Amino acid sequence: MSLTPQDIARIANLARLELQPEESERMLTQINGFFGIVQAMQAVDTTGIEPMAHPVAAIQDITLRLRPDVASEPKQRELNQRSAPAVERGLFLVPKVIE
Amino acid sequence: MNSFHDLTVAELAQALKTKQMSAVEVATGFLARLGGNPHNAFLDIDSEVTLAQAQASDARLAAGTAGPLEGVPVGHKDVFVTRDFATTAGSKILTGYRSPFDATLVQKLGASASGGAGMVTVGKLNCDEFAMGSANENSAFGKVTNPWDKARVPGGSSGGSAAAVAARLVPAATGTDTGGSIRQPASFCGITGIKPTYGRASRYGMIAYASSLDQGGPMARTAEDCALLLSAMCGPDLDRDSTSLDVPAEDFTASLNNSIEGLRIGIPREFFGEGLHADVRAAVDGALREYEKLGAKLVPISLPRTELSIPVYYIIAPAEASSNLSRFDGVKFGHRAKDYTDLVDMYKKTRAEGFGNEVKRRIMTGAYVLSHGYYDAYYLQAQKIRRMIADDFQNAFKECDVIAGPVAPSVAWKFGENAGDPVADYLADIFTLPASLAGLPGMSVPAGFGAGNMPVGLQLIGNYFKEAQLLNAAHRLQQATDFHLRKPEGI
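Chains as they are written, first to last, in our numbering: chain B, 1 to 99; chain L, 1 to 491.
Bound conformation, chain B alone:
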């Protein structure tokens, strides 16, 4: 299987990455190079095998917890916004999205 330049353009858009033409070309070669070693994985018979998300599930049941939906963090708006690129009156600024 090989990716095409169209695949690269499509994924770059999904991933919100602007790629220069030469970058796209290099990416195509390198990702296709990587998929060369992925072939071996496709040949493995995994019928009846459960996918594993938490590795310790190999020896015990693991249920991912949800904590109660209550505010646990102190309110520290200024501290939380001090590294933001654009803030005004306590709000994060983004380019206009509604005309």
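Since the hints were made in silico from the structure, they are not lab data.
The structure presented is a predicted model; accordingly, all values stated were derived computationally and were not measured.
Careful, some of the hints might be misleading.
[To be verified] Okay, derived cross-link-like pairs now, BS3-like style, lysine-lysine, Cα gap no bigger than 27 Å in a straight line: (1) K143(L) <-> K75(B); (2) K143(L) <-> K349(L); (3) K332(L) <-> K96(B); (4) K293(L) <-> K150(L); (5) K349(L) <-> K96(B).
Could you slot chain L onto chain B? The hints should help.
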């Protein structure tokens, strides 16, 4: 007595407790060694913050309320967020970022007033961007050099941590291990490092790369020091990390001196195939012979899917990374592009400018394998084989107590040797990836020297929650050998 920078964590803690030196003296000494940032190991240093922490430690030492590692300096890999130091994860996209809180592990090792072990932070350590790399060549802030040979890589992704410990710039450091990022740089720099069982050390405040694999751990010169730090780092963090396990903290120093007479060490034949360089093999074999002298038994085992761990890891980790890194969009923190036409263009340009090549490659690979029509064939298939790899380990552990082998196929390579071929770096991860995928504890212990007089690490892999057994085995080896005491020339 050795000069202060040659002391281990255990020795420094003792010297501080018995008032042979003060925390401020120790901190001042280490800060002086950091002048000019040797090996480019550090990304942020702030002597005012460090000295204030040291003064607080001295006050607690005087008041008799000191934590177990009170006043001992530590450096944190830059993927751990810190309130008092900048945090970048080695990425331009986080330039100037200041976290509003400390990562759980930073807190647990830090100020004893907040329940920590009392260590004093001397700074933040360079690493591959978002911990993606095996040579520390992917940092946006320059490469880290190996203290044993500046022409060689320190390993990655915790390369700054390993180099700083090897060069005696800090007695200990934190690292994170997703596919070998503690063990491999520890091996390349001749130090000791351990990655605990996945879920034992909190991931809260560890900038996420691949959430089902990322695990923090200590890097130091001796197994005893690693045991001291790991004892402080482990423990449940149930409200803040949903994958944290409800397994109590443990004193890993308690069993360090246990006899290893009769210990069954599994030797996976797949780790000793033709890809393994002869010099590494010779050092590893030497360490295994030491173990036999100590009464351990070597048992041949098989981990048949070792090679498959490369594609499986490099599908799963990028998939998770592409999702985790979607938060870097130029809105809430870090870099934002200057010129753009609209919101989507702002995202695209910000991310294009902020991320380096390897990070972009993994985001692209990850987004592809998760995209419509490919999810089952790649991501799900990889997760299924991941279970088979974990099951292979459980089969192997029926025959043995710990597993031993090389950490990496070669010693640290020279800069530029793998340049332009990311797959070459991926292939070199072959011996660390299986334990990562299975979530097992693993460590690297200095085992000798190979080509170019570069250090070689022995990898020890334990079953789930058997960190104490690994550290015990490593400590016994270090009682019988002196590889961990050797230091690079000029240091």
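Evaluated hints:
A C-alpha spacing of about 38 Å is found between K143(L) and K75(B), which places the hinted pair above 27 Å, so the restraint is violated. With a C-alpha separation of about 25 Å, the suggested pair K143(L) and K349(L) falls inside the 27 Å cut-off, and the hint holds. Among the hinted pairs, K332(L) with K96(B) is consistent with the structure: their alpha-carbon atoms are about 16 Å apart, no more than 27 Å. For the hint linking K293(L) to K150(L), the alpha-carbon distance of about 35 Å lies beyond 27 Å, and the restraint is violated.
At roughly 16 Å between alpha-carbon atoms, K349(L) and K96(B) fall within 27 Å of each other, so this suggested pair holds.
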